[in-house]
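Peer 1: One letter stands for each residue in the lines below.
Number of protein chains: 2
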Amino acid sequence: MRKKENEDLERLTVDDFKVVDKIPIVVILDQVRSSNNVGSIFRTSDALLITKICLCGITARPPDKEIHKTALGAENTVAWEYYLNTEEAILQLRNQGYSILAIEQVEGSISLNDYFPHPNQKLALIFGNEVKGVQQEVVNICDQTIEIPQFGTKHSLNIAVTAGIVLWDLFNKLKRT
Amino acid sequence: MRKKENEDLERLTVDDFKVVDKIPIVVILDQVRSSNNVGSIFRTSDALLITKICLCGITARPPDKEIHKTALGAENTVAWEYYLNTEEAILQLRNQGYSILAIEQVEGSISLNDYFPHPNQKLALIFGNEVKGVQQEVVNICDQTIEIPQFGTKHSLNIAVTAGIVLWDLFNKLKRT
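As you go down the protein sequences, you meet chains A and B in turn.
In case it helps, our numbering puts the first sequence at residues 4 to 180.
In case it helps, our numbering puts the second sequence at residues 4 to 180.
Honestly, the hints are just simulated from the structure, not real lab data.
Be careful, since some hints might not be right.
Same chains, same label: a pair holds when it works inside one copy or across any pair of copies.
Stated by the list, open to error - Here are the computed lysine-lysine pairs in the DSS-like style, where the Cα-Cα straight-line distance is at most 25 Å:
id, residue 1, residue 2
1, K55, K21
2, K6, K135
3, K135, K7
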């Protein structure tokens with residue numbers, strides 16, 4: 004069981020990444036304060052061929068030393084845009100046929116286990132601030148809310164971990180459909 | 004779609020957590036340098052009712068200000084032990100009937116998508132150092148290696164994100180069996 008060397012992994016080059024088919028998922032970051040969290044989400048989005056990241060409001064954006072440190076350069080591969088208002092990003096994506104889903108603990112939210120996208124559905128997934136979560140006014144204009152079931156004492160997961168879990172889960176469900 | 008308040012979430016108290024049935028998964032951290040990563044893994048482990056975390060070698064351990072900050076106190080709910088050598092933790096868990104699985108990019112590793120534990124299987128999952136991954140000598144004495152398929156330019160995911168993805172995936176597969 005020899006560990007693979009970097010060259011064994013056959014990863015894409017930056018140029019290859021730009022043109023390869025992406026998974027029809029857009030990530031929307033609504034007021035995410037920590038550059039480390041943003042950088043980590045870029046790194047995960049690179050691995051799972053996410054279409055685009057929309058950085059909204061106070062969310063840190065490249066160029067940023069801390070984002071670079073945690074993204075390891077993935078901020079140069081994954082496409083991103085900045086929006087002053089999260090609502091603006093949502094309206095644009097809705098016009099492009101995306102379903103708008105907030106990842107948040109909301110009355111009537113659907114458990115991630117029970118959520119299955121339709122074949123060819125395009126998903127825009129909103130992740131919120133480290134303390135306050137997705138803003139209520141943003142939740143109000145979503146199509147649906149998805150919740151990661153949690154069974155312990157704490158109220159929530161770290162946002163970069165949350166994004167990893169949700170992107171992994173929905174990436175695989177879209178690939179299977 | 005009203006956001007839930009903390010009291011709506013009906014989380015466990017610390018005392019309830021100590022006695023509630025856990026999922027038969029133990030996390031082994033092999034030379035994890037960053038207190039933030041360790042703290043984040045405690046927080047995820049609290050949410051998914053992980054049995055125990057084995058902190059090995061140079062891995063940061065409580066009490067630690069940074070662990071506390073990212074774990075938000077989950078280092079006081081999830082059981083943990085310290086081992087000077089990762090091999091020692093593995094031998095103890097193997098004697099207790101655990102299957103020993105390294106999460107690592109290894110020749111012949113099985114993709115996380117394709118890995119399904121047997122009903123009632125007890126899993127010890129090893130996550131490695133931020134740069135070097137799981138040590139080769141630790142990989143050598145595992146029962147199997149599991150890899151998260153990755154399709155972009157970067158060689159790996161952040162370790163706290165990796166742990167989140169793998170724990171979420173296997174938690175649900177064990178619950179379904």
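Peer 1: Each hint should be assessed against the structure and marked as holding or not.
Peer 2: Hint check:
1. In this homomeric assembly, K55 and K21 come within 25 Å of each other (Cα to Cα) only inside a single copy, at 11 Å, whereas the closest approach across copies is 42 Å.
2. Within a single copy, K6 and K135 get their C-alpha atoms only as close as 41 Å, which misses the 25 Å cut-off; across copies the closest is 10 Å, which meets it.
3. Taking identical chains as interchangeable, the C-alpha atoms of K135 and K7 lie at most 25 Å apart only when they sit on different chains, with a minimum of 11 Å there against 41 Å within one chain.
Comparing the model with each earlier hint shows no violations; every hint is respected.
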